[in-house]
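There are 2 protein chains.
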Amino acid sequence: MVRTTAAVGAKRADAVRNIERALDAAVTCLSARPSATMAEIAKQAGIGRVTLYGHFASRTELVDAVVARVVERGDEALAQVDLDGDPRAALERLIRNSWRLVDEARTVVAVAEAELPPERIRSLHDSPAARVQALIERGRDDGSFRDDTPVTWQIAVLHQVLHGAGAEVAAGRVAPADAPDLITATVFDLLDRR
Amino acid sequence: MVRTTAAVGAKRADAVRNIERALDAAVTCLSARPSATMAEIAKQAGIGRVTLYGHFASRTELVDAVVARVVERGDEALAQVDLDGDPRAALERLIRNSWRLVDEARTVVAVAEAELPPERIRSLHDSPAARVQALIERGRDDGSFRDDTPVTWQIAVLHQVLHGAGAEVAAGRVAPADAPDLITATVFDLLDRR
Numbered sequence: 001m002v003r004t005t006a007a008v009g010a011k012r013a014d015a016v017r018n019i020e021r022a023l024d025a026a027v028t029c030l031s032a033r034p035s036a037t038m039a040e041i042a043k044q045a046g047i048g049r050v051t052l053y054g055h056f057a058s059r060t061e062l063v064d065a066v067v068a069r070v071v072e073r074g075d076e077a078l079a080q081v082d083l084d085g086d087p088r089a090a091l092e093r094l095i096r097n098s099w100r101l102v103d104e105a106r107t108v109v110a111v112a113e114a115e116l117p118p119e120r121i122r123s124l125h126d127s128p129a130a131r132v133q134a135l136i137e138r139g140r141d142d143g144s145f146r147d148d149t150p151v152t153w154q155i156a157v158l159h160q161v162l163h164g165a166g167a168e169v170a171a172g173r174v175a176p177a178d179a180p181d182l183i184t185a186t187v188f189d190l191l192d193r194r
Numbered sequence: 001m002v003r004t005t006a007a008v009g010a011k012r013a014d015a016v017r018n019i020e021r022a023l024d025a026a027v028t029c030l031s032a033r034p035s036a037t038m039a040e041i042a043k044q045a046g047i048g049r050v051t052l053y054g055h056f057a058s059r060t061e062l063v064d065a066v067v068a069r070v071v072e073r074g075d076e077a078l079a080q081v082d083l084d085g086d087p088r089a090a091l092e093r094l095i096r097n098s099w100r101l102v103d104e105a106r107t108v109v110a111v112a113e114a115e116l117p118p119e120r121i122r123s124l125h126d127s128p129a130a131r132v133q134a135l136i137e138r139g140r141d142d143g144s145f146r147d148d149t150p151v152t153w154q155i156a157v158l159h160q161v162l163h164g165a166g167a168e169v170a171a172g173r174v175a176p177a178d179a180p181d182l183i184t185a186t187v188f189d190l191l192d193r194r
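Chains E and L are the protein sequences, given in the same order.
Just so you know, our numbering puts the end of the first sequence at 194, numbered straight through with nothing missing.
Just so you know, our numbering puts the end of the second sequence at 194, numbered straight through with nothing missing.
Next comes chain E alone, as it looks inside the complex:
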């Protein structure tokens, strides 16, 4: 019994290790080449295709798990940012700490947008979006931000500006060092009261 339990435990540990490897490999492969195949991802992970398919029945299932992981890691990083105090200063801290994360997730999210239903993409973003929404609403309530435009639209534009900055940096039109100032100035142009 003890041996069997140990064997099951070892097998489970193996599976966890293979899943971790597959997800890491998928992030690497899909970021480099969005149309990367399951065979390429298995090779990068150093596991067999059969093993990969054993854990993820389809490429769509793997893409879903990859996006969930990337968004979750981003959300964990954001959870470290102090969002208390002056809403404007808090939003600036949030932007400076998050634009790189949005940029890193950009290719993976583009793959997901092309392969997963829009509702799934939205539900994956629920937790980071809620964090941003709470902050912007606090700023609207205390008069830091304008409240004559829907809060959902303000969040959408903030997200799009972060996304756009990543694309401009990738295209070589914005220097990475300039991106946080550019994003912050643009977001405050949108949120400051007139």
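One or more of the hints may lead you astray.
[To be verified] Quick partial rundown of chain L residues pointing at chain E, CB under 8 Å, derived from the structure:
| # | residue |
| --- | --- |
| 1 | P34 |
| 2 | S35 |
| 3 | E113 |
| 4 | A156 |
| 5 | V157 |
| 6 | H163 |
| 7 | E168 |
| 8 | A171 |
| 9 | L182 |
| 10 | T184 |
| 11 | T186 |
| 12 | L190 |
[Claimed, not checked] The following label-pair restraints were derived from C-beta to C-beta distances:
| # | chain 1 | residue 1 | chain 2 | residue 2 | range |
| --- | --- | --- | --- | --- | --- |
| 13 | E | E61 | L | A15 | 36 to 46 Å |
| 14 | E | S127 | L | P150 | 27 to 37 Å |
| 15 | E | D141 | L | E76 | 42 to 52 Å |
Read the hints as simulated data drawn from the structure, not as lab findings.
Given the structure is predicted, the values throughout are model-derived calculations rather than measurements.
For each residue, glycine too, the CB sits at the ideal point set by N, CA and C.
Model the placement of chain L on the given structure of chain E, informed by the hints.
Same frame as chain E, but now just chain L:
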């Protein structure tokens, strides 16, 4: 000789018709389900898979042709918009005439972003981007728009706002009738001189 030429001509006309059908079917299928397969697209087009592969050697090649077509059609529509006169009024006309096009192209462009190299996506957008750039530069020169932020950044954010509006409408958070006013107000918040 005459018969042969006629036969070649008929064959060519057939090919053109099949390519048109394939592209229309691909726009329909990829907009509905971004991961649509070549088999599904052939079925929708009412042509055989072998015929489809005869014109487009791979799904990537087909996606490339689809995006080129969607962008070209959008660009033709934009060419009808009068961009002369007051730059602010011209930009408002451009936005009101283009946000739907950007929205319709959104899913197809997401598929392309996941499958084509970024340089290719950019070069496909060269013509509409040049149109917008000329207008914004004219407005910067005559003092209609602020010129203390890079013009490429202003174009990028304009594009992102249009893209974001389409996504918000698709998500049911913005009514289609409200979208043009919301986009216009947001874009002028960014471009107006302080």
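Here's how the hints hold up against the structure:
1. Contact between L:P34 and chain E, as hinted, is supported at the beta carbon level, the nearest pair being about 4 Å apart and thus within 8 Å.
2. Checking L:S35 against chain E: minimum C-beta separation of about 5 Å stays under 8 Å; hint holds.
3. Residue-level restraint check for L:E113 holds (minimum Cβ-Cβ distance to chain E is 4 Å; threshold 8 Å).
4. With its C-beta approaching chain E no nearer than about 5 Å, L:A156 sits inside the 8 Å limit, and its interface hint holds.
5. Interface restraint check for L:V157: the shortest CB-CB distance to chain E comes to about 6 Å, inside 8 Å, so the restraint holds.
6. A distance limit of 8 Å between C-beta atoms decides the matter here; for L:H163 the minimum to chain E is near 6 Å, and the interface restraint holds.
7. Proximity of L:E168 to chain E holds as hinted, the smallest CB-CB distance being about 5 Å (cut-off 8 Å).
8. Hint status for L:A171 relative to chain E: holds, with the closest Cβ pair at about 7 Å, below 8 Å.
9. Checking L:L182 against chain E: minimum C-beta separation of about 6 Å stays under 8 Å; hint holds.
10. The interface hint given for L:T184 is violated, since its Cβ lies 12 Å from the closest Cβ of chain E, which is over the 8 Å cut-off.
11. For L:T186, the shortest C-beta to C-beta distance to chain E is roughly 6 Å, which falls under 8 Å, so the interface hint holds.
12. For the restraint placing L:L190 at the interface with chain E, the shortest Cβ-Cβ distance is roughly 5 Å, inside the 8 Å limit, so the hint holds.
13. Between E:E61 and L:A15, the C-beta spacing of about 38 Å keeps the proposed range 36 to 46 Å intact.
14. For the hinted restraint 27 to 37 Å between E:S127 and L:P150, the CB-CB distance of approximately 33 Å keeps it satisfied.
15. The hint said 42 to 52 Å for the Cβ distance between E:D141 and L:E76, and at roughly 47 Å that hint holds.
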